[in-house]
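Trainee: Mapping of the sequence shown onto UniProt numbering: residues 1 to 659, in sequence order.
Mimicking EDC-like on lysine to aspartate or glutamate, the simulated pairs with C-alpha atoms at most 16 Å apart in a straight line are:
| hint | residue 1 | residue 2 |
| --- | --- | --- |
| 1 | K295 | E309 |
| 2 | K637 | E626 |
| 3 | K588 | E431 |
| 4 | K185 | D125 |
| 5 | K637 | E627 |
| 6 | K450 | E461 |
| 7 | K334 | E633 |
| 8 | K459 | E431 |
| 9 | K450 | D460 |
Have a look at the derived ranges for each label pair, beta carbon to beta carbon:
| hint | residue 1 | residue 2 | range |
| --- | --- | --- | --- |
| 10 | F390 | F604 | 23 to 31 Å |
| 11 | V146 | S438 | 48 to 56 Å |
| 12 | P436 | G404 | 46 to 54 Å |
In case anyone wonders, no lab produced these hints; they're calculated from the structure.
Don't be surprised by glycine CBs; every beta carbon is placed ideally from N, CA and C.
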Amino acid sequence: MVFGKTDKSTEKEKLVSGSGKTKCGSADPADPDSDWSGPQTGLVSSWYTFITDLYDRRLLIFLHPTIFQAKPNMGEKLDMEEKRPDESGSKFYVIVLTMFATIGGLLFGYDTGIISGSMLLIRDDFQLSEIWQSAIVSSTIGAAAVFSLIAGVLVDKIGRKKVIMMASFIFTAGAILMAVSPVDKKEILLIGRLIVGAGIGFASMSVPVYVAEAAPSHIRGSLVTVNQLFITVGILLSSIIAGAFSTDKENGWRYMLGIAGVPSVIQFFGFFFLPESPRWLVGQGRVDEARKALKKIRGLDNVDREMSEIEKSVEETKEQNKYNMLQCFVLMVKTQPVRRALVLGCTLQLFQQLCGINTVIYYSGSILRVSGFPSSLAIWLSCIPFTVNFLCTFIGIYAVEKAGRRVLTLLSFIGIIIALIVLGAGFQLSEKNSPPISLRLDNSSTCHTKYDSCNSCIKDENCGFCWQEGMESTAGWCLHVYKDHPERYAMPEGNTTHYNESLCNATNYDTEKYNWANDFCPTDYSWMAVLGLALFVIAFAPGLGPNPWTINSEIYPLWARGTGTSLATCVNWIGNLIVSFTFLLLLKTITTYGTFYLFCGISFLGMSILFFILPETKNKTLEEVEELFMSKEYKAKREEEQKKKYQYDNSGYVDSSKM
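Please work from the sequences and hints to get the whole structure.
Mentor: Shown next, in the form of C-alpha cells:
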C-alpha cells in the first residue's frame, strides 16, 4: 500500500523532526498531496511487509495527533537499483531501540485494559461507590489527555529520549503507589491512577516520534507501527494477567496494577544506553552529536548523505511552521471546504466514543459480572472482547480498500447497533425474569418484607440475594448486607455481631452450597452479554475503530492537517472522558439495559448524520478530496479566481502575473 508519491528520494526523508507541537504548516509525510492508490505491484513481498501494511492503517483511540505528522510513507516503492546508504547498515541496533521505546505502547495498552478486571476486586476491597469507580477509571484518561499536550512541548524543549525516560519513571512510581494503596485510603489509589495517566500521556506522544525519527527510511513504517501493535498486545496481555490473579481476593488487584512497573523499569534503565533522536539534535544545532548518534543507530561510518537530508528536512519544517494553532483554526473556519472537513472529522471522533466502545474496554468485567457471572469468571471472559479486538483489527486494514471508508464505517455502525440491541435485550430479559423472593425468614427485617424479586432486592445497597444451588426454580432470600464484606456475608437479622450465624456466610458455601450476590442476579441470559460484547468489538474493530483516524488524515489540506487532527483528537478525548465517567452512573439511574439502548440510539444518530456528510475518500487525491467538501458557490468562485490568475496558451495554463 502506498501513501503519496515516491518520485524523489528526498521525499522519503520529509519527516517532522523538530515538531512535537502541532503546527498549522507542519508537513505530513504520511500523505503529501497525493492519493491513496491501494495495493501496488513491484513491492517487496514478504510476511514482514504484510504485517507492515496491516498495521499501517491502525491507530488506537488514545494516540496523540503528532503521530499523523511523524508517521512515514508506508509501502514506499524503493529504487532497487540505487540502494540508499541507510539500507546497508545493521538493523539490529534500531530494532533493539524500537523494542525498548515501544514498551511505552505496551504499558499504554496494559493500563487501558487492566482496569476492567482489577476494578471488580478494587470495588469490593475499597467499598467504592459508582462515582468513585468512575473517577478512578476516568482520572487516568483526563491526566493522559493533559500530559500528552504538555509532552508536545517537552519533546521539543528537552528531547524525545528524556520525555520517554520521564514517562517510564512516572509510570513506575504510579504502579508502585497503586500496588501499596491502603484499602482505607482510596484517595491514594486515585493519585496513583493520575500519575499513571501522566506517564501514558508522555509515552503516547513521544514514543512514535522517537521511533520514526531514529528508524531508517526503508523500514521506518514497520518500526513505527510496532507501537500500535504493542498497544493492542498490552490490552490483550492485561486481560490474561487479570484472569491469572482473579482468584486472589485480597491482593489480586495489587499484583495486576503493580506488575506494570516491571517493564517500565526495564525501559527506564535501557534508555541510558540509547541515543537521542538525530533529527532533534540537528534541530537544536547539535550537528556533531547528531552525526555520532546516527552512526551508532545505523552501524555505519559514513552517514553524510542521510545527515544532509535530515538537515534539509529540518530547515524545510521550520519554514513551514508559519502559523500557530489558533491562527490556523481561524483560517480553517473561514475556508468553507476545510470547515466542512473539520466538522466531519470531529463528528467521526465524537461518535466513535459515544457509541460506548470504552465501556467495553474499561468495564467489560463489570458488565459480565452484572450479567450474572462470578467475579473470577467475569475477568476471564473479558479476554474474549480483547482477543476479538486484536484479531478483527487485521480484517479492517484490507477491507477499507475493498469496501471503502464510507461503506465500512456505516456497516460498522449497523453492527454496533445490533450488538447494543443484543446487550440491552439480554439485560432486559434478565430483569424481567428475575428470581422471586419466595423464601422468607421469621423476622421483620426490611430486606425480607420489602422486595419481591432479586432485581429489586439488589438495587438496595443494604440488601443482597441468597439462593441455594440445585433448587428446581431459582428462588431465595433477600438478606441484609454485612457492610464490611458485602461480597461475602449476609445477615438475616441485619446485626453485624451475628454475621457468623448468617445463612449465606462464607463458611457455608462449600458445605451447604448457598450462593450470595449483592450486585447481580442469577439468570439464564448471561450468554447474551458475552455475545453482545463480542459482536460489538467485531463490528467496531474493522470500521469505526480505525476509520475516524484514517479519514482525518485524508480530508484536510496539508496546511491544516496538523491542527485538524489535533482538534478532532481533542474531541475524541472529551467523548472518551464523558462515556467512561458516566457509564456506572447511567447503569444505576436508567438501568443496565436502558444504558445500552441509550448507546444504541446515539449510534443510530451518528450513523444517520454521517450518512449525509461522509463522502468516500478512497482512491482520491487531496485535491479531489478537497472538492468533495466544496459547495457549488465556493467551487464557482475558485474557478473564477483561477481564470483571473492564469491564461491559457498552447502549452497549457500559465501564471498571468509572470508574463
